[in-house]
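Read off the chains here:
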Amino acid sequence: MSVRTEEMVLNMGPQHPSTHGVLRLELTLDGEIITKVVPHIGYLHRCFEKHCEVMTYPQIIPYTDRMDYLAAMGNEFGYVIAVEKLLGIQVPERVEYIRVIMAELQRIASHLVAIGTYGADIGAFTPFLYCFRDRERILNLFEITCGARLLYNYIWIGGLSHDLHPDFIRLTKEFIREFKPNLKELNNLLTFNKIFIDRTANVGILPLETAINFGITGPMLRASGLKWDLRKDDTYSVYNKFDFNIPVGDGRMGTVGDSWDRYFVRVLEMEESLKIIEQAIEQIPDGDVTAAIPKRIKPPVGHIYSRVENPRGELGYFIISDGSTSPFRVKVRAPSFVNLQIMDELCRGHLVADVIAILGSVDIVLGEVDR
Amino acid sequence: MIYDFFYNLTGSVIISGTVVALLPLFAFILPFALFAVLLERKVAGHMQDRLGPMRVGYHGILQTVADIIKLIQKEDIIAKDNDKLFFNIAPVLTFAGSYAAFAVIPFSSIFLGADIDLGIFYVIAVTGLVVAGILMAGWASNNKYSLLGAMRSAAQIVSYEIPTILIVLSIVMLTGTMSLYDLSENQTAYFWNWNIFGGPNLDIQKFLLIPFMLIGFIIIYISTLAEVNRTPFDIPEAESELVSGYHTEYSGMKFAMFFLAEYANMFAVSAILVILFFGGYQSPLGYLGNTLNIPWLIPIEQFFWFIFKGIFFVFVQMWLRWTLPRLRVDQLMTASWKYLIPIAFVNLLIIGVISLI
Amino acid sequence: MKQYFNNIFTALVTILVGMKVTLRHLFTPSVTIQYPDVKLPLPERERNRLYVNMDDCIGCDQCARACPVNCIEIETVKSVPGEDLGKTSNGKKKALWVTKFTIDFAKCCYCQLCVFPCPTECIYMTDVYEFSEYDRNNLIYNFSTLTPEERRQKLENLEIYNQEKESKKGVS
Ligand code: SF4
Ligand code: SF4
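Chains as they are written, first to last, in the working numbering: chain A, 1 to 371; chain B, 1 to 357; chain C, 1 to 172.
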């Protein structure tokens, strides 16, 4: 005779310390084992796409900042590339270099938040603050360049709002020099800690095939073992001029595609980003960054889909232009939104504590999920 | 002893009993909790390249006082569907459990509530009350997170009591006493006489014992960490999973009671460790009172050393907390049943064999 | 069995390594500052509260049109001939009375889009960032230098002028 057990429904969020914003997860538990996860989204919905239809093209840029607010530069970059393609304009070399530097700095900043909060989810609070300390220095770099720390409105259609600050190159070099040992320290403190490995290795294994079927992109896909990075595979801007690797998950501590791999791919990516920044700083040409900004932005009738590699994955913009100064429709393929749907698949059969570990390794930003 | 002192002074059993019972609370636990909370925040702050509290008083030394005042002022919220009776009893019970342990802890050779022969046994038994309190809190809160936290906590404390007891057993086997006072008295003077260095007898046994005492110490330190729910075993109140576990629903003074119990417990287990392995209240380097021939100085020195050692281990607990991630429930059980208990058993056997030599 | 001891060993070693890191940080100076007492110097391109220098504003409405959240409200009245409004500092002739110029900082997202199109560079970002208020209405800043009476008067002036023109037209 078997004992009758009852399933318990546990609501995690929207106000919960580690749902990374206002996400609600409806967990169905059998004891402490997860049998089903239903993510409920929409608590941060701000009608971004609808708003765009009444904005002029440059006015949309501050709005794109607010999608993935941890990687605002990346969002602007993607949007601007799409509009430039629509307009068919070429931007000066220097602008492209600066954009790449900014996007890579932003990638480091974003990954630092991802890693830090992941540590905090697992229970180690100290690495979180170390990460934020370093992120703060990147934000300082952004601040001297454009005056804002989080939502920049820096990358404009056809150019940039400001040229680099005279101190920028020196400070960036300083940052890179001091950041490298910090990264090593972070690895000592968290990455290779036995408890951390035990919590994350072999948890939430995402096989490559499932990942592709679900449309997962970014570090999550690479952690599952596929070398797929739009910076190399569908190269844009000046990324083809730099020499960098694409780190993939190798299942060093468990199985390929587990949470630890997803975490560690991000750590490795930061190192690669440092490499790109170092090269870009060396090669950066002179030029006028505002020269190519069009006076009136009125793209011809048509549509475009353009994608970039954001810290969280493939960020795509689909823009339909009806020939006026505002777009007819803007649709965003937000990487977090796509990546979040894997939760149910990954969490089944794990414990409640693992939900946190898995959600942290998926690394969502609710601003982008809900838009 | 203190009790006799007050008895002689007042001649009344009730007065002297009450005074002795309340003495650790006011002389020690409250000031200690105030200090330890501040220490925790300062340690956390400085380890994370921050400063910690800085506003109230010089470098924030009055911060916890301000916090306590805030907690007292707070509304005592009891949700509609809580089990009111248990909800109210739980914090008291939890605190009583950790408070009762202080009755037998010898702070110095004269500052000692009661010298019971079964001292260590009593401590282990009485801290079991904490489990009851936590379970009650979790159940009465009528909150799923609280319940999960309480369940985890009960399972955790019960399974980590086993390795603790096994190590305690090996010490008891070696020294032949369960009285905490006798245990401290045995490891008299100079640090090489402490149990961690093989006890006071100077023979081959002492040197054979040292490595096993070290292992024993590490095991008991880990398991006491788990018993007081500190990181890496703070699963019952894992704030990133269970919000804050069994005391999610508590506010105001009741929350403060849990908090106080937690910090009192931290010191209690450190004190037990100090008594078992690090000579209790004995000074590591001899007494100033003996050299200067001032007998009344000795208990004060002893008190100082005891507090110093206790707080050192509390500091290590904090240090660990701000360094390590936390384990998962099943890993917690694995650590206890697969690692600590077998090793503790082997350790017990080896110490037994050595003591026969 | 080997795995078993290996686990114990790596656990202890990595814990000790981590403890070394945190211990070292215990003695490194902190990176935070005590904010209201100590303040960080602001970079020169700082983007904070806007300021409008009304002496230079020609009321061209460009800033309001650039703003993505419509937080600038401008109302202008044409000046009548004979009224001299003076010139802006870069030599542009002013032709409009700016009877209303408000910026709602509760809506403003500090994107700086309004700053660039201004022909006289009279709207710009300042370094004031501590201006929180208890009432949201207090965040609506009024920059217009004209008092309500003056505003009414300007409107009347224009009306009278228009009527005169009308009647002149009618006559001729
Ligand atoms: S900064 Fe941006 S939001 Fe604020 S007034 Fe200027 S254009 Fe509008
Ligand atoms: S753009 Fe400049 S001149 Fe024109 S209305 Fe705005 S502040 Fe005045």
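Possibly wrong hints are sitting among the right ones.
[To be verified] Below are the SDA-like pairs computed for lysine to any residue, each with C-alpha atoms no more than 20 Å apart in a straight line:
#1 C:K107 - A:R46
#2 C:K20 - B:I218
#3 A:K275 - A:D243
Source of the hints: derived by calculation from the structure; they are not laboratory data.
Quick caveat: nothing in here was measured; it's all calculated off a predicted structure.
Hint numbers not upheld by this structure, sorted from lowest to highest: none
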